[in-house]
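Below are the chains, spelled out letter by letter.
2 protein chains.
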Amino acid sequence: MFLRGNAVVGQSGGPTAAINATLAGVIMGALDAGDGAIDKIYGMRNGIEGLLEEKLIDLGSIFSEKSMFDDLALTPAAALGSCRRKLPSDYSDAIYSRIFSVFSEYNIRYFFYIGGNDSMDTVLKLSGYADKIGYDIRIIGVPKTIDNDLEGTDHTPGYGSAAKYVAITVKELLRDCSVYTLKAVTIVEIMGRDAGWLTCASALPKLSGGDMPDLIYLPERPFDMEEFLNSVANAFERHPNILVAVSEGIRFKDGRYVGESAQSGNVDVFGHRYLAGTGKVLESAVKERFGCKARSVELSLTQRCAAHVASYTDISESVETGRRAVGFALEGKSGCMVSVEREQDRSLYSIRYNAKNVGEIANKVKRVPDEFINESGNGVTDACIEYMRPLIIGEVSPLYENGLPRHIVIG
Amino acid sequence: MFLRGNAVVGQSGGPTAAINATLAGVIMGALDAGDGAIDKIYGMRNGIEGLLEEKLIDLGSIFSEKSMFDDLALTPAAALGSCRRKLPSDYSDAIYSRIFSVFSEYNIRYFFYIGGNDSMDTVLKLSGYADKIGYDIRIIGVPKTIDNDLEGTDHTPGYGSAAKYVAITVKELLRDCSVYTLKAVTIVEIMGRDAGWLTCASALPKLSGGDMPDLIYLPERPFDMEEFLNSVANAFERHPNILVAVSEGIRFKDGRYVGESAQSGNVDVFGHRYLAGTGKVLESAVKERFGCKARSVELSLTQRCAAHVASYTDISESVETGRRAVGFALEGKSGCMVSVEREQDRSLYSIRYNAKNVGEIANKVKRVPDEFINESGNGVTDACIEYMRPLIIGEVSPLYENGLPRHIVIG
Numbered sequence: 001m002f003l004r005g006n007a008v009v010g011q012s013g014g015p016t017a018a019i020n021a022t023l024a025g026v027i028m029g030a031l032d033a034g035d036g037a038i039d040k041i042y043g044m045r046n047g048i049e050g051l052l053e054e055k056l057i058d059l060g061s062i063f064s065e066k067s068m069f070d071d072l073a074l075t076p077a078a079a080l081g082s083c084r085r086k087l088p089s090d091y092s093d094a095i096y097s098r099i100f101s102v103f104s105e106y107n108i109r110y111f112f113y114i115g116g117n118d119s120m121d122t123v124l125k126l127s128g129y130a131d132k133i134g135y136d137i138r139i140i141g142v143p144k145t146i147d148n149d150l151e152g153t154d155h156t157p158g159y160g161s162a163a164k165y166v167a168i169t170v171k172e173l174l175r176d177c178s179v180y181t182l183k184a185v186t187i188v189e190i191m192g193r194d195a196g197w198l199t200c201a202s203a204l205p206k207l208s209g210g211d212m213p214d215l216i217y218l219p220e221r222p223f224d225m226e227e228f229l230n231s232v233a234n235a236f237e238r239h240p241n242i243l244v245a246v247s248e249g250i251r252f253k254d255g256r257y258v259g260e261s262a263q264s265g266n267v268d269v270f271g272h273r274y275l276a277g278t279g280k281v282l283e284s285a286v287k288e289r290f291g292c293k294a295r296s297v298e299l300s301l302t303q304r305c306a307a308h309v310a311s312y313t314d315i316s317e318s319v320e321t322g323r324r325a326v327g328f329a330l331e332g333k334s335g336c337m338v339s340v341e342r343e344q345d346r347s348l349y350s351i352r353y354n355a356k357n358v359g360e361i362a363n364k365v366k367r368v369p370d371e372f373i374n375e376s377g378n379g380v381t382d383a384c385i386e387y388m389r390p391l392i393i394g395e396v397s398p399l400y401e402n403g404l405p406r407h408i409v410i411g
Numbered sequence: 001m002f003l004r005g006n007a008v009v010g011q012s013g014g015p016t017a018a019i020n021a022t023l024a025g026v027i028m029g030a031l032d033a034g035d036g037a038i039d040k041i042y043g044m045r046n047g048i049e050g051l052l053e054e055k056l057i058d059l060g061s062i063f064s065e066k067s068m069f070d071d072l073a074l075t076p077a078a079a080l081g082s083c084r085r086k087l088p089s090d091y092s093d094a095i096y097s098r099i100f101s102v103f104s105e106y107n108i109r110y111f112f113y114i115g116g117n118d119s120m121d122t123v124l125k126l127s128g129y130a131d132k133i134g135y136d137i138r139i140i141g142v143p144k145t146i147d148n149d150l151e152g153t154d155h156t157p158g159y160g161s162a163a164k165y166v167a168i169t170v171k172e173l174l175r176d177c178s179v180y181t182l183k184a185v186t187i188v189e190i191m192g193r194d195a196g197w198l199t200c201a202s203a204l205p206k207l208s209g210g211d212m213p214d215l216i217y218l219p220e221r222p223f224d225m226e227e228f229l230n231s232v233a234n235a236f237e238r239h240p241n242i243l244v245a246v247s248e249g250i251r252f253k254d255g256r257y258v259g260e261s262a263q264s265g266n267v268d269v270f271g272h273r274y275l276a277g278t279g280k281v282l283e284s285a286v287k288e289r290f291g292c293k294a295r296s297v298e299l300s301l302t303q304r305c306a307a308h309v310a311s312y313t314d315i316s317e318s319v320e321t322g323r324r325a326v327g328f329a330l331e332g333k334s335g336c337m338v339s340v341e342r343e344q345d346r347s348l349y350s351i352r353y354n355a356k357n358v359g360e361i362a363n364k365v366k367r368v369p370d371e372f373i374n375e376s377g378n379g380v381t382d383a384c385i386e387y388m389r390p391l392i393i394g395e396v397s398p399l400y401e402n403g404l405p406r407h408i409v410i411g
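Residue numbers (this note's numbering), protein chains in the order written: chain A, 1 to 411; chain B, 1 to 411.
Each hint should be verified, as a subset may be incorrect.
No distinction is drawn between identical chains; accordingly, a pair holds when it is met within one copy or between any pair of copies.
[To be verified] 27 Å max Cα-Cα, derived DSSO-like pairs, lysine-lysine:
no.	residue 1	residue 2
1	LYS86	LYS364
2	LYS287	LYS253
3	LYS293	LYS132
4	LYS287	LYS86
5	LYS333	LYS40
6	LYS333	LYS366
7	LYS66	LYS206
8	LYS40	LYS253
9	LYS132	LYS206
10	LYS293	LYS55
11	LYS293	LYS86
12	LYS253	LYS364
13	LYS366	LYS206
14	LYS366	LYS40
15	LYS183	LYS364
To be clear, the hints were calculated from the coordinates, so they are not data collected in a lab.
Construct the entire structure; sequences and hints are all you get.
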């Protein structure tokens, strides 16, 4: 059933606090495969780019001690390095023959790619090319994204930890903002270009103390400045300290990003525009209308790498997702992504792992559904909070050295 | 020796992760005073403002269980509320007679004010007025500030926790920034208007893994844009991912704030200008010179309220500082601030508490000394790191509820 040969694993796209937990799972899965199925597990440096340059490292020789996996699982960001390279649609492009000549040279029969939306596109294309040329290889996508916007899975590894960081930080900011009696609006800008999942997490403090942001805006609903300012005015009737959580990617009805006036106009290699300044735009609007203190806090990069406060549920699921990727490959699956299904008939949170056809996942975006957003479009429902709650449960215990969590760096 | 009567405690100035630990210490100290020295310990809402409006709450009746102090000590921001009110220099102002009529009405004989520089000014003025009118009261300042810029003390409660948060976050950002091979500059903007203590903490990752920011800029040295860009160019010769830590308050040689071009021009009640945008100004300069990816991350409010990752050393010292405030007052001290002295003859970190004349402390700023800054003015020395190291040692264990740390809210 399984192929005899070597495996390679890579990481792609933006870093998360859990992507190395998944890497640890893949390495452990490969090393434990047994029966000589997988001889060596290579890591590619900076994703597909390192593969092209044959920057492959023998992970089995590096991870010689079990305890190293514990450190790896709690080290944020991609330990193998990452890239944002998109493969061309045209299979006659020389890059494909180059990739497969490296596969052949290293006898690679298992390919694991840990990433988000764009990385699943790579998995899809490489699977297609392998079929086309008849190269026998198992190609598996392993999900990770703080954005939680992948189709075909209940949630994505990395989301729970980012959500926990957002929820804790918003809870702390709620306390911070409550200390003065002066009227003030604090706007917290949270990552999320097309989907508001991470911004939804700002509502989680409701389950621990009762406080939550007064207003929450997601990219799933068009943003109306006048309605926003009226909602702030209403909130001021309840208390002087308003906290607003907002996704970076909210847009006006005409499709323009709210942050657009303050953005650089740059685009990344996938054509996505860099956004910055959504919070600043709202801050200015509030100052102008109310003449009160207003400030914006952009959680920025910290929300995707705050491994010190990762969710135990997320980290353990991320490790298991990596292990299962190897398991599915050994079973003969290819062109698949490991997905997570929530057992709906259980009162206690419990999940099952599946392998989903990556063609149904790549290049799609799963948005926050209607039933998770309130009628006014400025808050989330209890159903949304109940969906998120189990994903942030549990705390990790990194080892501390001189007061700081220990990280592992692959030299 | 001690006066018979009631005590009142207030919090003032910006919130920190440890200011409630100090409040817990004051309350415990007052409740344990014994012999009927302190009958009641009142909390004033929003500092001196609540005192003027007689918004006083009986803390002894609220903190009826010992375990509540554990939650309070790990709740960020001022649980009693805060204010930024500065008392006038003119003792004939009606505010003084109003304050002392409230003291008299409630038989207040002990006044504890937890705050920073500006709060020590309040302690100084109230002590002076009490002497002037011959009202028998013990007035003690209890330090807190993430800025660590108070004279007369080795360090300030609140600094260790903020420093730990900054150090952990920078360590995580160092990992995050290392994943791509493209040239990129990440600028981390850290709080600190006049003193760079908190920005120094960005160097602490050196002691845990070896990485640290390539460049560190403090307000203690004039900032030169050309020298900065040349230093970035030099750093690019070593690696593609540059991380720069910078205090919000850095200024050019002519005294202008670097962030000035991007600031709102607003001033707070003490006449301090709000700064924002130092990181953005450097980001633009880097983009223009190098045409590379550049981004800035402003740690903003999160660095002063991240109680989930507080330093155990800081929290336990903060509690003790509150207790000692009560102890010094009972001994007859007044017009003093509790200070911390590091035992220099010990190889292991150890401190002593003193009561320092607040006249020597108020309205002064302790800056980072020359021996803590490198010759080029773009980094810190090992002596600086060794000074900070013990202050971030130890982790706290807040109780988690639904995945989030429990906070106590005084209703």
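Q | Violated hints, by number in ascending order, as checked against the structure | A | 3, 8, 9, 14, 15
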